[in-house]
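Trainee: Sequence order for the protein chains is A and B.
The first sequence runs 247 to 384 under this note's numbering.
The second sequence runs 247 to 384 under this note's numbering.
Heads up, some of the hints might be wrong.
[Said to hold, decoys possible] Covered by chain B, per the in silico footprint, the following chain A stretches (three or more residues, Cβ under 8 Å):
(1) 253–265
(2) 335–348
[Unchecked claim] Simulated DEER-style distance windows between Cβ atoms:
(3) B:Ser-276 to A:Pro-314: 52 to 62 Å
(4) B:Lys-288 to A:Ser-276: 41 to 51 Å
(5) A:Ser-276 to B:Ala-291: 32 to 42 Å
(6) A:Glu-340 to B:Arg-326: 33 to 43 Å
(7) A:Pro-314 to B:Arg-326: 27 to 37 Å
(8) A:Gly-308 to B:His-294: 34 to 44 Å
(9) A:Ala-369 to B:Ala-302: 35 to 45 Å
(10) B:Glu-350 to A:Ala-302: 31 to 41 Å
(11) A:Lys-257 to B:His-305: 19 to 29 Å
(12) A:Val-287 to B:Arg-254: 14 to 24 Å
(13) A:Ala-369 to B:His-305: 15 to 25 Å
No lab work stands behind these hints, which were simulated from the structure alone.
All of these numbers come straight from a predicted model, not from anything done at the bench.
Every residue, glycine too, gets a C-beta built ideally from N, C-alpha and C.
There are 2 protein chains.
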Amino acid sequence: MPALKHARVRKDHDSEIAEDYVEEILHQISLRGICRAVDLVKAFAVSHATVNNTLARLHRAGLVKTEPYRPVELTLRGRRLAIAAKKRHEIVEEFLRSIGVSAETAAIDSEGIEHHVSPETLAAMKQSLKRSCLEERK
Amino acid sequence: MPALKHARVRKDHDSEIAEDYVEEILHQISLRGICRAVDLVKAFAVSHATVNNTLARLHRAGLVKTEPYRPVELTLRGRRLAIAAKKRHEIVEEFLRSIGVSAETAAIDSEGIEHHVSPETLAAMKQSLKRSCLEERK
DNA sequence: TCTCGAGTTTAGCATGGGCTAACTTTGTGT
DNA sequence: ACACAAAGTTAGCCCATGCTAAACTCGAGA
Numbered sequence: 247m248p249a250l251k252h253a254r255v256r257k258d259h260d261s262e263i264a265e266d267y268v269e270e271i272l273h274q275i276s277l278r279g280i281c282r283a284v285d286l287v288k289a290f291a292v293s294h295a296t297v298n299n300t301l302a303r304l305h306r307a308g309l310v311k312t313e314p315y316r317p318v319e320l321t322l323r324g325r326r327l328a329i330a331a332k333k334r335h336e337i338v339e340e341f342l343r344s345i346g347v348s349a350e351t352a353a354i355d356s357e358g359i360e361h362h363v364s365p366e367t368l369a370a371m372k373q374s375l376k377r378s379c380l381e382e383r384k
Numbered sequence: 247m248p249a250l251k252h253a254r255v256r257k258d259h260d261s262e263i264a265e266d267y268v269e270e271i272l273h274q275i276s277l278r279g280i281c282r283a284v285d286l287v288k289a290f291a292v293s294h295a296t297v298n299n300t301l302a303r304l305h306r307a308g309l310v311k312t313e314p315y316r317p318v319e320l321t322l323r324g325r326r327l328a329i330a331a332k333k334r335h336e337i338v339e340e341f342l343r344s345i346g347v348s349a350e351t352a353a354i355d356s357e358g359i360e361h362h363v364s365p366e367t368l369a370a371m372k373q374s375l376k377r378s379c380l381e382e383r384k
């Protein structure tokens, strides 16, 4: 049926790094007030040059505000994307733990999985979480 | 403590397309006896040139056997990879359906998710499937 | 103040994965 | 037997994502 296999997967990849970056930028800002390029270098373990490239791309895409030698900031769109990504990430991670995956593995796998979870699947995970909560307390 | 965020995700990406290709090649072969490049063109909705490029890479990687103007075949390693990928894919897809995701969405999302599921998470999904089976029949 | 190290930017490069356009090969139907 | 369509290949292009090396800027301390 699909006819176009993996079309969604390929499209997802385009936005993955963008989501990871804005999510991490939001994290740094809420943690320490500002986010510097070097923080991203450390978080993702890539070179300065790579972070610079990527930030330039995100700037073009209207997700971040960058001025030479200044901290990185999120645009409104960037912040909204970051918040959505964070929420999705948290649900996926919690869901994985709820089916018995260890905290460490859940943290790692959720990073890869979150970008491929459609709204419908996310809703199913939320639902399932709610149910397993009820069961625990009964 | 992550320290190296998304290192696994980036590594996964390198093998994603390879897995998708060998999986699809195996599928075509078991379906119709042979797999031609044009079948992959249709399955992935990419150009002949792209399929050619990719097959050349898989050939270099020792996963497929290709000779000009001949059908594509899998090496032993390629076939093993394909079978493993297929099994993983099936489990993820069935698991998604078991938590209430529609067949259509499960088919699409599992394509993206399967490559990021660690052995531990896969085992947890299998376990969870077993349990939900038991519940149904009781 | 001025120097030095941390942080940042730039230049130049590689590879993956995508494209179109133009070409060649294969094999089928008349 | 041969022409033609379908399949495959080649050349040349693009962008994303990574790298190293070198240059530049900024701010704090001597």
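Trainee: Hint by hint, which ones does this structure get wrong, listed from lowest number up?
Mentor: Of the numbered hints given earlier, those the structure breaks are 7, 13, listed in rising order.
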